[in-house]
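Visitor: For reference, the chains in residue letters:
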Amino acid sequence: MPNASDTERTLVAAATAPAGRRVPARAVRMLAFTVCAALILSWPGLAPNPYILSAGVMVASYACTATAWNFMGGFTGYVSLGHAAFFGLGAYGTGVLIRDLDWPPFAAWLAAGVIVVLITVPVGIAALRVRGASFVIVSIAFVLILLLVAQTWQDLTGGSDGLVVPRPFPDLSRPEHHRAFFYLFVALLAVMLLAWWAIDRSRFGTGLKAVREDEDKAQALGVPTRNYKLVAYLISAFFTGLSGGMYALWFGDLDPIFQFSVLLGAYMVLMALLGGVRHLYGPLLGALIVGGALEYFELEFGGTQLHLVAAAVLLGVVVLVTPDGIIPAVRDLVRRFGPQDSSIREMTAAELLAHNRASGRGGPPPDEAPDEAAAPGTGEER
Amino acid sequence: MSGSLLFQSLVLGVLLGGLYALLAAGLTLYFGVMRVVMIAHSAFLILAAYLAWYFNDQTGWDPLLSLFVTVPLFFAAGVGMQRLLIARLRPATLTMMSVLLTFAVALLIEGMIGLIWSGTQRRIQLPYSGSNVEFFGASIAVVKLVAFVLAGASLGLLYLLLTKSRFGRALRATIQHKEAAQLVGIKTDRVAGLGFGLGLATAAVGGTALALDATIYPSLHWHWVGPLMAIIVVGGLGSVPGTAIAAMVLGIGQSLLQVEFGTTWAQTLFYIALFVTLMVRPQGFFGGRLAQRF
Amino acid sequence: MTAHEPPRSLETVDLTKSFGGVRAVDGATVTFRHGRINALIGPNGSGKTTFFNCVTGMIRPDAGTVTYRGQQITGRPPHRIARAGIGRSFQLCRVFPRMTVLENMLVAVRPAGLRDLVGGAGSPAETDKARRLLVRVGIDHLENVEAANLSYGQQKLLELAGVLMGDPDTIMLDEPAGGVNPALIGRIGTLIRELNDEGKTFLVVEHNMDMVMSLSHHVVVFDRGRPIAEGTPSAVRADPRVLEAYLGI
Numbered sequence: 450m451p452n453a454s455d456t457e458r459t460l461v462a463a464a465t466a467p468a469g470r471r472v473p474a475r476a477v478r479m480l481a482f483t484v485c486a487a488l489i490l491s492w493p494g495l496a497p498n499p500y501i502l503s504a505g506v507m508v509a510s511y512a513c514t515a516t517a518w519n520f521m522g523g524f525t526g527y528v529s530l531g532h533a534a535f536f537g538l539g540a541y542g543t544g545v546l547i548r549d550l551d552w553p554p555f556a557a558w559l560a561a562g563v564i565v566v567l568i569t570v571p572v573g574i575a576a577l578r579v580r581g582a583s584f585v586i587v588s589i590a591f592v593l594i595l596l597l598v599a600q601t602w603q604d605l606t607g608g609s610d611g612l613v614v615p616r617p618f619p620d621l622s623r624p625e626h627h628r629a630f631f632y633l634f635v636a637l638l639a640v641m642l643l644a645w646w647a648i649d650r651s652r653f654g655t656g657l658k659a660v661r662e663d664e665d666k667a668q669a670l671g672v673p674t675r676n677y678k679l680v681a682y683l684i685s686a687f688f689t690g691l692s693g694g695m696y697a698l699w700f701g702d703l704d705p706i707f708q709f710s711v712l713l714g715a716y717m718v719l720m721a722l723l724g725g726v727r728h729l730y731g732p733l734l735g736a737l738i739v740g741g742a743l744e745y746f747e748l749e750f751g752g753t754q755l756h757l758v759a760a761a762v763l764l765g766v767v768v769l770v771t772p773d774g775i776i777p778a779v780r781d782l783v784r785r786f787g788p789q790d791s792s793i794r795e796m797t798a799a800e801l802l803a804h805n806r807a808s809g810r811g812g813p814p815p816d817e818a819p820d821e822a823a824a825p826g827t828g829e830e831r
Numbered sequence: 007m008s009g010s011l012l013f014q015s016l017v018l019g020v021l022l023g024g025l026y027a028l029l030a031a032g033l034t035l036y037f038g039v040m041r042v043v044m045i046a047h048s049a050f051l052i053l054a055a056y057l058a059w060y061f062n063d064q065t066g067w068d069p070l071l072s073l074f075v076t077v078p079l080f081f082a083a084g085v086g087m088q089r090l091l092i093a094r095l096r097p098a099t100l101t102m103m104s105v106l107l108t109f110a111v112a113l114l115i116e117g118m119i120g121l122i123w124s125g126t127q128r129r130i131q132l133p134y135s136g137s138n139v140e141f142f143g144a145s146i147a148v149v150k151l152v153a154f155v156l157a158g159a160s161l162g163l164l165y166l167l168l169t170k171s172r173f174g175r176a177l178r179a180t181i182q183h184k185e186a187a188q189l190v191g192i193k194t195d196r197v198a199g200l201g202f203g204l205g206l207a208t209a210a211v212g213g214t215a216l217a218l219d220a221t222i223y224p225s226l227h228w229h230w231v232g233p234l235m236a237i238i239v240v241g242g243l244g245s246v247p248g249t250a251i252a253a254m255v256l257g258i259g260q261s262l263l264q265v266e267f268g269t270t271w272a273q274t275l276f277y278i279a280l281f282v283t284l285m286v287r288p289q290g291f292f293g294g295r296l297a298q299r300f
Numbered sequence: 009m010t011a012h013e014p015p016r017s018l019e020t021v022d023l024t025k026s027f028g029g030v031r032a033v034d035g036a037t038v039t040f041r042h043g044r045i046n047a048l049i050g051p052n053g054s055g056k057t058t059f060f061n062c063v064t065g066m067i068r069p070d071a072g073t074v075t076y077r078g079q080q081i082t083g084r085p086p087h088r089i090a091r092a093g094i095g096r097s098f099q100l101c102r103v104f105p106r107m108t109v110l111e112n113m114l115v116a117v118r119p120a121g122l123r124d125l126v127g128g129a130g131s132p133a134e135t136d137k138a139r140r141l142l143v144r145v146g147i148d149h150l151e152n153v154e155a156a157n158l159s160y161g162q163q164k165l166l167e168l169a170g171v172l173m174g175d176p177d178t179i180m181l182d183e184p185a186g187g188v189n190p191a192l193i194g195r196i197g198t199l200i201r202e203l204n205d206e207g208k209t210f211l212v213v214e215h216n217m218d219m220v221m222s223l224s225h226h227v228v229v230f231d232r233g234r235p236i237a238e239g240t241p242s243a244v245r246a247d248p249r250v251l252e253a254y255l256g257i
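One line per chain: the protein sequences are A, B and C, in this order.
Numbering (this note's numbering) for the first sequence: 450 to 831.
Numbering (this note's numbering) for the second sequence: 7 to 300.
Numbering (this note's numbering) for the third sequence: 9 to 257.
Don't read these hints as lab results, they were simulated from the structure.
Ideal placement from N, C-alpha and C gives every residue a C-beta, glycine not left out.
Among these hints, one or two may not hold up.
According to the in silico footprint, chain A covers these stretches of chain B (three or more CB under 8 Å from chain A) [what the hints assert, rightly or not]: (1) 95 to 109; (2) 271 to 285.
In silico SDA-like pairs for lysine to any residue, Cα to Cα no more than 20 Å straight-line [said to hold, decoys possible]: (3) B:Lys150 x B:Gln131; (4) C:Lys137 x A:Arg650; (5) B:Lys184 x C:Asn52; (6) B:Lys184 x C:Lys137; (7) B:Lys184 x C:Phe27; (8) C:Lys137 x A:Ser651; (9) B:Lys150 x C:Phe27.
All chains, full assembly: derive it from the sequences and hints.
Guide: Below, the structure written as structure tokens:
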């Protein structure tokens, strides 16, 4: 066996050699980032009319919620269909604090985020007692119960008459109002992306990803999975709550049916999944596509149920065809048809072996072959 | 609360619990054979109710007759859904992805109902809609009684099928230990498909029973998802008798609370029960060995 | 304890776990001594893996106690037991498929409270340690490859290296030789022996009798959920009860 690994190692060195070409890739990435950021930031200037501008604000709020959802869904693999609960709590929390306690709008907004976290602690503890299915059930149940309560508790929420949230900037005209909130949402999104990026490379993030891949194994390696999951859930709830609060400040009129909507939670999942839950920009990309489509449907078909059918079909297709999302799918395509990138990062062991064999510099010893043939099972089904 | 009122709501609770039990049995079947939480179950329930209404609306015949169409149709749809959709998912992420897939199906059904029959509220008018029977001083609507008999009979049939038939034994073996069932020669894929078919058949029966007595509209299924999910967790995921008991207890509880606090707050009973179950006994109160890992 | 025996490492008393009506582990009382390579053998279904799972906290036993270095660890959550110094591998190797080899290693880094939220996955020292362990098992050249793309043998080595990352005193391996080629079996055996020389206690479930007999100091034979015989490899091999249970003679 030492022989085998020795040969492999020399060949890896050979394969790594042209890795110097990764520098342009980084430059391309920086350029792409700058262009995208510039495009997003110049949207209010590009939008032809206030309606389109407000659609942009809506899409930005979708991007926020989808990215917030991904703190739980992407890192741990626990799919929550009830994140609209946090959105609604954040929205109503902000609205009620301003209306009843006369708090300054953005203090109320932050406080509502904290309240969401406090409410989420017991829910999270209950939901994370057991794995998988029960978590989903609790997540849906939570949003349904809040919908019931919000509809019934008219004194607090105004029920279906709605709750009017005073505008934070009363002096602004409507387009200026949209523009201000577009930038506020983008700023919130930037904070989330930064947090996601930091967690992604942290020890905490590594633990969460281990939970997603194999929870038993993570526990056996000493990861305090329950606490990690709970913290991820709280962070996710906090940011979703902030998105909801921001929405309340922007839109100014809340109705339980729309704030505590299972559909909204489903949109978050769809967006994140479509883009790719394991990628920083996945939810953002998904939100641009799905959010854009939703706004288009709203404009074209208005009150019909067609958007429901379209969302359902899209969700089904994503789950069946690209459960890993667009970003990895595109990356695979690029890798297959794009320029040959021989950096070791992009090379799998199997490809390495193929590479080794092709270059005729010695293949694996015969006894290694059966191992290669055997699919590396993850042992998930026990 | 007076004695007769108490008795009245107790009887109504039992009638409601019967319907819950039948529907929860369907959910238990899906979960048992495939470890799938079937969000679309109540959407199919409402679809069946719409079909019963449409059948009655078009033909003028008794909506119960629509069962002869919907039950086979739903059974086939269930088998198809398992074979064509659920079976395609990767085993490693089956639980989560199947939730999303069935959620998509639920949305699709809700959207299609809305497109075809619009969002208008519908209600079946029957010659016996307004009639009541006296039952030890309690006044019970005939339609509720019919619905209960229908649900009870179906549940009984299902129970007999599961315990007495060859297929039932294969199904229970698959639920208990899939690999072991495969080892003794049970074609678990086929069994899983048929289990799904049976599950959807319960939705067909339940929907027809519901249509007799309820005003229906496309998004009604969300009112059923929560309670049914709570029932299967309280009963212990994967245990048919467990969920039946939980359904009865919670159905009666809801009915009793309704008198005092109104419909909305009575509904919260389910969520409180769900919460308490997870905190105190996450594997469910009645059986439910499977739940620990899921 | 007699004078020349090493101190007790892991002990179970009357450990019991049933599934449905089947007692997978049935009143198992076993003592493993420090610094030894202990083997756990027995026919399929004799409860070895369930015993493992009860000891490491993956399953809560119905009755009985597990003691590690004099401390009760029964029913503690798995990550606490891991941090107490018991590392384990799984039957049919399990790695984190969509994480790189290095990330796989860093999962086992000791949590540091709130500091986990910021900063890298591992400190420079921890990353160094991970790399050294990868060199030791011979897969360091693959550190940036996603684990799903490793061969089965490489995954086995990665799993072992990951267990070592947590600095366990006692290492429980569930069929380390299962499904790997003879050359690799030899290599894993050598690794186990080296690590044992460095003071690690081993608890190995294994079906490969050559490996068990050549490697272990102490063999415990399981049948129907409890130990039926134990002793040195040669003593166990000669025990008629073992032949009866194990070989069905």
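Visitor: Let me make sure I understand: some of the numbered hints might not hold for this structure. Which ones are they, in numerical order?
Guide: Numbers 6, 9, in rising order.
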